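Colleague: These protein sequences, in sequence, are chains A and B.
Take the first sequence: its position 77, counting from 1, is numbered 77 in my numbering, and each next residue is one higher.
Take the second sequence: its position 143, counting from 1, is numbered 143 in my numbering, and each next residue is one higher.
Take the hints with a grain of salt, since some may be wrong.
When chains are identical, the list treats them as one kind, so a pair holds in a single copy or across two.
Heads up, simulated DSS-like pairs for lysine-lysine below, C-alpha to C-alpha not over 30 Å straight-line [unchecked claim]: (1) 104 - 20; (2) 104 - 133; (3) 66 - 254; (4) 323 - 256; (5) 51 - 136; (6) 256 - 48; (7) 256 - 20; (8) 136 - 104; (9) 323 - 254; (10) 256 - 104; (11) 104 - 254; (12) 254 - 20; (13) 133 - 323; (14) 31 - 323; (15) 308 - 51; (16) 256 - 66; (17) 181 - 26; (18) 122 - 323; (19) 181 - 256; (20) 104 - 26; (21) 254 - 26; (22) 256 - 26; (23) 256 - 133.
Since the hints were made in silico from the structure, they are not lab data.
Predicted model, so just to flag it, every value in this text is computed and none were measured.
Number of protein chains: 2
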Amino acid sequence: MILANTYHLWQRPGDALIYKAGGLHKFMNWKGPIFTDSGGFQVYSLSKFRKVMEAGVLFQFDLDGKQEILSPEKSIDIQANLGSDIALILDDFPGYPFEYERSKQSIELTQRWAERAVREHKRIMESGDPINKGQKLWGIVQGATFADLRQQSAESMVSLGFEGFAIGGVAVGEPHEEMMKAVNFAIPFLPETAPKHLLGVGTPFDIVQAVSRGCDTFDCVIPTREARHGRLYIAEPNAPGGEGYSTIDIRLEKHKEDFSPVDPTCNCYLCLNHTRAYIRHLFATGELLGIRLATMHNLRFYLNLMGKIRTAIQYDYFDDMVKNFRQIE
Amino acid sequence: MILANTYHLWQRPGDALIYKAGGLHKFMNWKGPIFTDSGGFQVYSLSKFRKVMEAGVLFQFDLDGKQEILSPEKSIDIQANLGSDIALILDDFPGYPFEYERSKQSIELTQRWAERAVREHKRIMESGDPINKGQKLWGIVQGATFADLRQQSAESMVSLGFEGFAIGGVAVGEPHEEMMKAVNFAIPFLPETAPKHLLGVGTPFDIVQAVSRGCDTFDCVIPTREARHGRLYIAEPNAPGGEGYSTIDIRLEKHKEDFSPVDPTCNCYLCLNHTRAYIRHLFATGELLGIRLATMHNLRFYLNLMGKIRTAIQYDYFDDMVKNFRQIE
Numbered sequence: 001m002i003l004a005n006t007y008h009l010w011q012r013p014g015d016a017l018i019y020k021a022g023g024l025h026k027f028m029n030w031k032g033p034i035f036t037d038s039g040g041f042q043v044y045s046l047s048k049f050r051k052v053m054e055a056g057v058l059f060q061f062d063l064d065g066k067q068e069i070l071s072p073e074k075s076i077d078i079q080a081n082l083g084s085d086i087a088l089i090l091d092d093f094p095g096y097p098f099e100y101e102r103s104k105q106s107i108e109l110t111q112r113w114a115e116r117a118v119r120e121h122k123r124i125m126e127s128g129d130p131i132n133k134g135q136k137l138w139g140i141v142q143g144a145t146f147a148d149l150r151q152q153s154a155e156s157m158v159s160l161g162f163e164g165f166a167i168g169g170v171a172v173g174e175p176h177e178e179m180m181k182a183v184n185f186a187i188p189f190l191p192e193t194a195p196k197h198l199l200g201v202g203t204p205f206d207i208v209q210a211v212s213r214g215c216d217t218f219d220c221v222i223p224t225r226e227a228r229h230g231r232l233y234i235a236e237p238n239a240p241g242g243e244g245y246s247t248i249d250i251r252l253e254k255h256k257e258d259f260s261p262v263d264p265t266c267n268c269y270l271c272l273n274h275t276r277a278y279i280r281h282l283f284a285t286g287e288l289l290g291i292r293l294a295t296m297h298n299l300r301f302y303l304n305l306m307g308k309i310r311t312a313i314q315y316d317y318f319d320d321m322v323k324n325f326r327q328i329e
Numbered sequence: 001m002i003l004a005n006t007y008h009l010w011q012r013p014g015d016a017l018i019y020k021a022g023g024l025h026k027f028m029n030w031k032g033p034i035f036t037d038s039g040g041f042q043v044y045s046l047s048k049f050r051k052v053m054e055a056g057v058l059f060q061f062d063l064d065g066k067q068e069i070l071s072p073e074k075s076i077d078i079q080a081n082l083g084s085d086i087a088l089i090l091d092d093f094p095g096y097p098f099e100y101e102r103s104k105q106s107i108e109l110t111q112r113w114a115e116r117a118v119r120e121h122k123r124i125m126e127s128g129d130p131i132n133k134g135q136k137l138w139g140i141v142q143g144a145t146f147a148d149l150r151q152q153s154a155e156s157m158v159s160l161g162f163e164g165f166a167i168g169g170v171a172v173g174e175p176h177e178e179m180m181k182a183v184n185f186a187i188p189f190l191p192e193t194a195p196k197h198l199l200g201v202g203t204p205f206d207i208v209q210a211v212s213r214g215c216d217t218f219d220c221v222i223p224t225r226e227a228r229h230g231r232l233y234i235a236e237p238n239a240p241g242g243e244g245y246s247t248i249d250i251r252l253e254k255h256k257e258d259f260s261p262v263d264p265t266c267n268c269y270l271c272l273n274h275t276r277a278y279i280r281h282l283f284a285t286g287e288l289l290g291i292r293l294a295t296m297h298n299l300r301f302y303l304n305l306m307g308k309i310r311t312a313i314q315y316d317y318f319d320d321m322v323k324n325f326r327q328i329e
């Protein structure tokens, strides 16, 4: 599944163009499922300024400085034009460090926005001319690391009848333990059989921990961004319990004459075909093939990790995996 | 066949490292044939300064400013370490505009260097420990656009017993007609059955014209460099004679809502899978996938062109192709 960014696509090439193309699947010729976010996170992380109002968020686009309001309805309209398989409601969330009062306001505003988003989504699906009449809309649970707020947010989201839920407000700079608190406080109040997505997470360790708490899916820039900087994930099968991983910086001098694969246990194109010395050379000379191969490697590492998690759950040894799985420094 | 640049590889990662890796085929895991140039062209085009002496060329590397001498022997040593299938002698050549006296000196110096290169190549192949004992060494014909000099250069190269020849000193800024003069004056004095490579050429039109004069193989940055700048080759089957091609600038606004392929007659990945609107969007947003798809397209255009040339020769209508094949503006 690809997660596509509503904010970026709204700005360029614009959702009207993608609608004309027949939706995002057709525009980029991707036959798998597509998840879209609300656009709210990039408004928070990229905009030159941002003012949260009842109507929506007033902000300036990062590239052209154009002012816009991203409202709950606007976010739904854009996502309907993109035609993703799963759309998300616009949410408000406080940054880190978390404060109770601000967090309380944020879940209440998010709830009012959610009601408007549901209404708008229903209107478009029923009487508009959407790209994807089967598009699902998922709710988002906020509430930072406050147990009562996470519960309140989860319960009121459930009351709106969503089929799936995202847990938001995490991966904003908080330590791993805080992130897990947020998950712990939200999960028990969501339907056991509903899919649960953890927004913007995370490291391999974060993922295994979050799955053990009930999360199903994730989206994150870490594997691709790390790859572009030459940091590659490798398995450490000799670590205690046979689990664990580490990262290497392929740009370092020490890999210069290393004619072994990045990870001999990996089945990605890079590891099956090339040596550390070669990929280091590609990085050293700025050849774009380097970041491409590195990206393929890190994505394969993450996909293999998700496969291992599924197998461990299926054969009932996931508890052991959770106990042993960690990053080896 | 890949043409690998001796100058670049000498500088980074160094031919000693590639030798340790078991040669360039193993270093980059390429199982097809590899052609290496002498390094002389980049010394001419990239070096901060360059002084041609009897011993070789004194120059400064472009990246680290290190001074080196590229001698005929050194070029052979590096290419032997790379282990290419076809190596080239170091040649001297004047830039454009061509001058008779300078060109005459250049073929004489190139001939003396060629003799030294042949000796060094023989020494390494027979008593060294080369990567590729079957490496072929090809001569280079110089002489600019002067008939007597091209003849003298070709004949003296032939006298050294090379199995294949390159025609050099072209693609240095001269008009197409001058380039073809250089080819015309060289070809008749080379063995009919020997393979003939035209160095650094060229546009599709240059290639068809050069093949019609007896050239077999080519190397050039044009298809990949043009691709990175968004200029894509397309067939123009409605042009007179059913031949011809043009280029489009995919970055232009006019392609923004064009949901047709770049070239409906092309069988590359880009044309089979994506629209002009999509690739234009990738260029507009600086997505690296854009230059990758564009590069695949232009390389496919060139490879298809070579295939068409071979078919036209095989079925005896190449003269017609030459007559009609041109760039439509």
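Colleague: Each hint: holds or not?
Modeller: Checked hints:
no.: 1; hint: 104 - 20; verdict: neither (40 Å within a copy, 63 Å between copies)
no.: 2; hint: 104 - 133; verdict: neither (34 Å within a copy, 76 Å between copies)
no.: 3; hint: 66 - 254; verdict: between (47 Å within a copy, 23 Å between copies)
no.: 4; hint: 323 - 256; verdict: neither (35 Å within a copy, 52 Å between copies)
no.: 5; hint: 51 - 136; verdict: within (28 Å within a copy, 70 Å between copies)
no.: 6; hint: 256 - 48; verdict: between (42 Å within a copy, 27 Å between copies)
no.: 7; hint: 256 - 20; verdict: between (49 Å within a copy, 11 Å between copies)
no.: 8; hint: 136 - 104; verdict: within (27 Å within a copy, 76 Å between copies)
no.: 9; hint: 323 - 254; verdict: neither (32 Å within a copy, 57 Å between copies)
no.: 10; hint: 256 - 104; verdict: neither (53 Å within a copy, 44 Å between copies)
no.: 11; hint: 104 - 254; verdict: neither (51 Å within a copy, 49 Å between copies)
no.: 12; hint: 254 - 20; verdict: between (51 Å within a copy, 15 Å between copies)
no.: 13; hint: 133 - 323; verdict: neither (43 Å within a copy, 55 Å between copies)
no.: 14; hint: 31 - 323; verdict: neither (37 Å within a copy, 45 Å between copies)
no.: 15; hint: 308 - 51; verdict: neither (43 Å within a copy, 61 Å between copies)
no.: 16; hint: 256 - 66; verdict: between (47 Å within a copy, 20 Å between copies)
no.: 17; hint: 181 - 26; verdict: neither (40 Å within a copy, 50 Å between copies)
no.: 18; hint: 122 - 323; verdict: neither (44 Å within a copy, 63 Å between copies)
no.: 19; hint: 181 - 256; verdict: neither (43 Å within a copy, 47 Å between copies)
no.: 20; hint: 104 - 26; verdict: neither (40 Å within a copy, 61 Å between copies)
no.: 21; hint: 254 - 26; verdict: between (45 Å within a copy, 20 Å between copies)
no.: 22; hint: 256 - 26; verdict: between (43 Å within a copy, 15 Å between copies)
no.: 23; hint: 256 - 133; verdict: between (53 Å within a copy, 26 Å between copies)
Going through the hint list in order, the structure does not satisfy hints 1, 2, 4, 9, 10, 11, 13, 14, 15, 17, 18, 19 and 20.
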